[in-house]
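Engineer: So the protein lines, in turn, are chains Z and P.
Position 47 (the first sequence) corresponds to 47 in the numbering used here; numbering is contiguous.
Position 28 (the second sequence) corresponds to 146 in the numbering used here; numbering is contiguous.
Treat the hints as calculated values from the structure; they're not laboratory data.
Fair warning: there could be bad hints in the mix.
[To be verified] The following label-pair restraints were derived from C-beta to C-beta distances:
no. : chain 1 : residue 1 : chain 2 : residue 2 : range
1   : Z       : Asp27     : P       : Gly218    : 15 to 21 Å
2   : Z       : Ser5      : P       : Ile167    : 19 to 25 Å
3   : Z       : Pro8      : P       : Gly218    : 27 to 33 Å
4   : Z       : Ser73     : P       : Glu174    : 24 to 30 Å
5   : Z       : Met45     : P       : Ile129    : 19 to 25 Å
6   : P       : Ile178    : Z       : Ala72     : 42 to 48 Å
7   : P       : Phe172    : Z       : Lys55     : 21 to 27 Å
8   : Z       : Leu76     : P       : Ile167    : 26 to 32 Å
9   : P       : Pro236    : Z       : Ser73     : 44 to 50 Å
Positions of the beta carbon are idealized from the N, C-alpha and C atoms, including for glycine.
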Amino acid sequence: GAVVSQHPSWVICKSGTSVKIECRSLDFQATTMFWYRQFPKQSLMLMATSNEGSKATYEQGVEKDKFLINHASLTLSTLTVTSAHPEDSSFYICSARGLLEGSSYEQYFGPGTRLTVT
Amino acid sequence: AQKVTQAQTEISVVEKEDVTLDCVYETRDTTYYLFWYKQPPSGELVFLIRRNSFDEQNEISGRYSWNFQKSTSSFNFTITASQVVDSAVYFCALSGSNYGGSQGNLIFGKGTKLSVKP
Numbered sequence: 001g002a003v004v005s006q007h008p009s010w011v012i013c014k015s016g017t018s019v020k021i022e023c024r025s026l027d028f029q030a031t032t033m034f035w036y037r038q039f040p041k042q043s044l045m046l047m048a049t050s051n052e053g054s055k056a057t058y059e060q061g062v063e064k065d066k067f068l069i070n071h072a073s074l075t076l077s078t079l080t081v082t083s084a085h086p087e088d089s090s091f092y093i094c095s096a097r098g099l100l101e102g103s104s105y106e107q108y109f110g111p112g113t114r115l116t117v118t
Numbered sequence: 119a120q121k122v123t124q125a126q127t128e129i130s131v132v133e134k135e136d137v138t139l140d141c142v143y144e145t146r147d148t149t150y151y152l153f154w155y156k157q158p159p160s161g162e163l164v165f166l167i168r169r170n171s172f173d174e175q176n177e178i179s180g181r182y183s184w185n186f187q188k189s190t191s192s193f194n195f196t197i198t199a200s201q202v203v204d205s206a207v208y209f210c211a212l213s214g215s216n217y218g219g220s221q222g223n224l225i226f227g228k229g230t231k232l233s234v235k236p
C-alpha cells in the first residue's frame, strides 16, 4: 500500500536554530502535500498546503517566513522551522495526496515528527 | 464553514464493554467525506474508515462499526467488546467536495481519548 515517510521521526534542537523535516511519498507521486501541527493533547491543525512546483499556501496565523515549505519534486516536500523557539515544540504531520494506478485520489499520512525546542 | 465536534473528551471503559464515540459535523457541501483515525501513543495516525456523503449504509469491520446519519449530521463509531489495545485517541475528520483536489485537507475534531482497562 501507499506509504509516506517523514524524517526525522523526532528531533531536539536549541532555541534559535533551524530544523528541516522531510516528507516523502514512497510509492506514488504526490502533487499535493499538507502539513499539519499537533500540540500536546490537541487536535491536528492544518498549517499549509504545498503543490509541486509552486509556492505553498499558508493558513491564517501561520508565519510563512518562519515555516518554510518546499515541494521541489513529486515525492518530496520539506518543512523548515527557522529560528525555532520552545513554543514551536509540537508534533508535525504531513499527508500526501496521490493517485494510485486504478484508484482514486487519496491522502496518506506520514508517521509524524516530534520537535522539541530547548 | 466546516466543523467537526467530538463532545467526549475522554472515555474510560472496562475490557469487553462496548463503547460509542460520537462525531457531529457541519458542512455546506453536498458532497463530502468523513473519516475516523486512531492515534496510539506513538503518534502515528491509523486510518480506520472513509465514508462519502452519498453512502449512508452503516459499516461493520470486525469489532468496529460506524453509524452515518445525515439527518443528524453524525458519524458515530462503536467498538464492540473493547480490548486494552483499543486504548488511543480517536479522531473524526471531514473533507469537503474538493477532497480529491489540491484543497482537500481534512478538518479534524478535537479527538476522544479512550482508555480500556483490563
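Engineer: Does each hint hold? Answer for all of them.
Structural biologist: How the hints compare with the structure:
Here the CB-CB span from Asp27(Z) to Gly218(P) is close to 19 Å, well matched to the stated 15 to 21 Å. The given range of 19 to 25 Å is respected by Ser5(Z) and Ile167(P), whose C-beta atoms sit roughly 23 Å from each other. Taken as a hint, the range 27 to 33 Å holds for the pair Pro8(Z) and Gly218(P), whose Cβ atoms sit roughly 30 Å apart. A C-beta distance of roughly 40 Å is found between Ser73(Z) and Glu174(P), which places it outside the suggested range of 24 to 30 Å.
Between Met45(Z) and Ile129(P), the C-beta spacing of about 23 Å keeps the proposed range 19 to 25 Å intact. Judged by the Cβ atoms, the range 42 to 48 Å given for Ile178(P) and Ala72(Z) holds: they are separated by roughly 43 Å. At about 35 Å, the CB distance of Phe172(P) to Lys55(Z) disagrees with the hint of 21 to 27 Å. Under the hint 26 to 32 Å, the C-beta atoms of Leu76(Z) and Ile167(P), about 29 Å apart, fit the expected range.
As the Cβ distance of Pro236(P) to Ser73(Z) is approximately 48 Å, the hint placing it in 44 to 50 Å holds.
Consistency note: the structure conflicts with the earlier hints numbered 4, 7.
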